[in-house]
Amino acid sequence: MVKIALVGCGVEYSGILKEVEKAALTFGAEIILPDIDLDYIEESYLKFGFSAQSPNLKLMIARAMSIVEGRTKADAVFVCTCFRCAEGALIRNEVRRFIQQNSHIPVVTYSFTEKTKADELFIRMEALVTTVARRSILAREKQEGLTMGIDSGSTTTKVVLMENNKVIGTGWTATKDIMESVNIAAADAFGETGYGWDDIDGIGTTGYGRLTIGKKLNAELIQEEISVNAKGAVYLADKQRGEATVLDIGGMDNKVITVNNGIPDNFTMGGICAGASGRFLDLTSRRLDVDITELGPLAVKGNYRNATLNSYCIVFGIQDLVTTLAAGGSKEDVADAACHSVAQQVYEQQLQEIDIREPLIQVGGTSLISGLVEAVSDILGGIEIIVPDYSQHIGAVGSALLVSGLGNRNNQ
Amino acid sequence: MVKVAIYPPNSLVLGDLIERKGHTVLALQKAMSQKVRDPEIDSPPMNITEEDPLKGLKYAAIEVPSGVRGRMAVIGPLIDDAEAAIIIDDAPIGFGCVGCARTNELAMFCLRKKNIPKLEISYPTNRDETFDMVNKINAFLDSLSEEGGN
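Protein chains in written order, with numbering that gives the first Met the number 0: chain A, 0 to 411; chain B, 0 to 149.
What the hints contain is simulated information worked out from the structure, not anything from laboratory work. No residue lacks a Cβ here, since even glycine has one placed at the ideal position from N, Cα and C. Take these hints with a grain of salt, some might be off.
Heads up, simulated SDA-like pairs for lysine to any residue below, C-alpha to C-alpha not over 20 angstroms straight-line [to be verified]:
#  : chain 1 : residue 1 : chain 2 : residue 2
1  : A       : K17       : B       : L53
2  : B       : K54       : A       : T112
3  : A       : K2        : A       : Y109
4  : A       : K17       : B       : D41
5  : B       : K57       : B       : M31
6  : A       : K21       : B       : S42
7  : A       : K238      : A       : Q100
8  : A       : K114      : B       : E50
9  : A       : K238      : A       : E357
10 : A       : K21       : B       : I40
11 : B       : K34       : B       : K54
12 : A       : K116      : B       : I61
13 : A       : K114      : B       : M45
14 : A       : K2        : A       : D74
15 : B       : K34       : A       : L16
16 : B       : K2        : B       : E119
17 : A       : K2        : A       : I35
18 : A       : K141      : A       : P387
Selected chain B positions facing chain A (in silico; Cβ < 8 angstroms) [as the list claims (entries may be wrong)]:
#  : residue
19 : I47
20 : T48
21 : D51
22 : G66
23 : G69
24 : R70
25 : G93
26 : C96
27 : G98
So that you can see chain A by itself, here it is in the shape it has in the complex (with noise of 0.2 angstroms):
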């Protein structure tokens, strides 16, 4: 069993104990907590040098030290602080960096409320036993061979093909029955390549899809997206050594994804409001009647402080655009508020939970939109985005670099 030693402060007299208990025992772990003594404490803390008022941080901070100095046994750690403790959020980002500096233990990080529940940290469990059980998986950093990689998500499922570390062949198609969907994008991606189904090494899924997918083709990798999104975007944009950050815009929810050597070690996933999303840009363009494809560019020509937005809302905020365009606003002034809207809004519901390291690499059919790239890079005080080749193909090209060498269905 993958034994997850949990370093937090609050969360007995949060009442979540349980919940974190119980979401490590769905993916086949247990919570352990690391035993410590008086006068550890207080030389753990001297020697970490953080200078916190809170006992109970002092000890999460000798905890982190136990386990790094090996007088607990631990496989993978969970660091969690309430929600709103700045003290906490502190000195959870210095105690994650610490075991990540210090030894090869998959860290992943968390701020919980007393709502918290033991689904809420499934991805989080699940990633974290992934790491651990499937750390040769995650090592990969090269696709060898000719695999294909399934992204089924929840507005469309996405196909790529690979072959000695290239794509081949894509396919993309709006997901309406998930098999045939699949069909459907597996012929665009296999295209004139002259490959077809009995020529693949290995199928990897990801995506809400991916379990009933990966059954129905015997798929060598089924696996969460987190893991694969990170590992697909450090790949294309070649960083997959040291640290960066991940952010995926989606149709219906988001994912900001913190990454140090591929390997994913916090994230938030948000789907509160359809106006944080890619939604709100689809439905932007159809009210300026042009392709989604066309926005970002005439958001990149427009100025978003010339056009009237008042409200977040997806309803209330198109409302605003169109009293803007009513008034004799342009199109692309529109768009831009659009695009700062979306970007705005993922930046206070989402970026702020999570400490952004750079290089961020914006993924996701959204990130296509050149208008809220910029958006984001803005808001975020003009840091640099990269957007990889591929990048709308993220989850598909992840599980297909992932499942490279797990599979040999040709030669069987």
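Fit chain B to the supplied structure of chain A, relying on the hints for placement.
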């Protein structure tokens, strides 16, 4: 007999001194043992549930971290019941601790603003100060007995 709140609220030393003088100590352990023994709740290790941080809203606003509100849900009622208080400033972890600096600030403030007899002293750093602390606490507890007419 007076109900005496202490800070740190789980200090065994303070609890012992108060009980020796015949007063009732409002200790965190007693409140916690009631929760832990509640067969209706299954939220180990301390049976704090989602409801507790919500009860803590009586003492701290919603933007205050859940861990602070969860602690205040248990410590707050002890402060509410207090008829006297002893606060030890800058106590080390081993003397008693609730783990959270923000909770310490809030709980001590709640005790200080209560219109009850209070004794606030710094944690001793040497033998003489230790004797002095114990003497002050005993004198304070005796004065409570006198005020209470016992």
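Distance restraint between B/K34 and A/L16, which requires alpha-carbon spacing of 20 angstroms or less: holds, 16 angstroms
Tell me if B/G69 is really an interface residue toward chain A, meaning its C-beta lies closer than 8 angstroms to one of theirs. This interface hint holds because 4 angstroms falls under the 8 angstroms limit.
Does the closest beta carbon of chain A sit nearer than 8 angstroms to the beta carbon of B/G93? It holds, given that the least Cβ distance between B/G93 and chain A is near 5 angstroms, below 8 angstroms.
Restraint check for B/K2 with B/E119, where alpha carbons must lie at most 20 angstroms apart: Within the cut-off at roughly 16 angstroms; holds.
When you check the alpha-carbon spacing of B/K34 and B/K54, does it fall within 20 angstroms? Roughly 14 angstroms between the alpha carbons, so the hint for B/K34 and B/K54 holds.
Are B/K54 and A/T112 close enough, with their CA atoms no more than 20 angstroms apart? holds, 14 angstroms
When the least beta-carbon distance from B/I47 to chain A is tested against 8 angstroms, hint result: This interface hint holds because 4 angstroms falls under the 8 angstroms limit.
For the pair we were handed, B/K57 and B/M31, check the Cα-Cα distance against 20 angstroms. holds, 19 angstroms
CA of A/K114 to CA of B/E50, is that 20 angstroms or under? holds, 9 angstroms
Need the status of pair A/K2, A/Y109: alpha-carbon distance at most 20 angstroms? holds, 18 angstroms
Against chain A, with CB atoms and a cut of 8 angstroms, does the hint on B/R70 hold up? Interface hint status for B/R70: holds (5 angstroms vs cutoff 8 angstroms).
Is the Cα-Cα distance between A/K17 and B/D41 20 angstroms or less? holds, 9 angstroms
In this structure, every one of the numbered hints holds.
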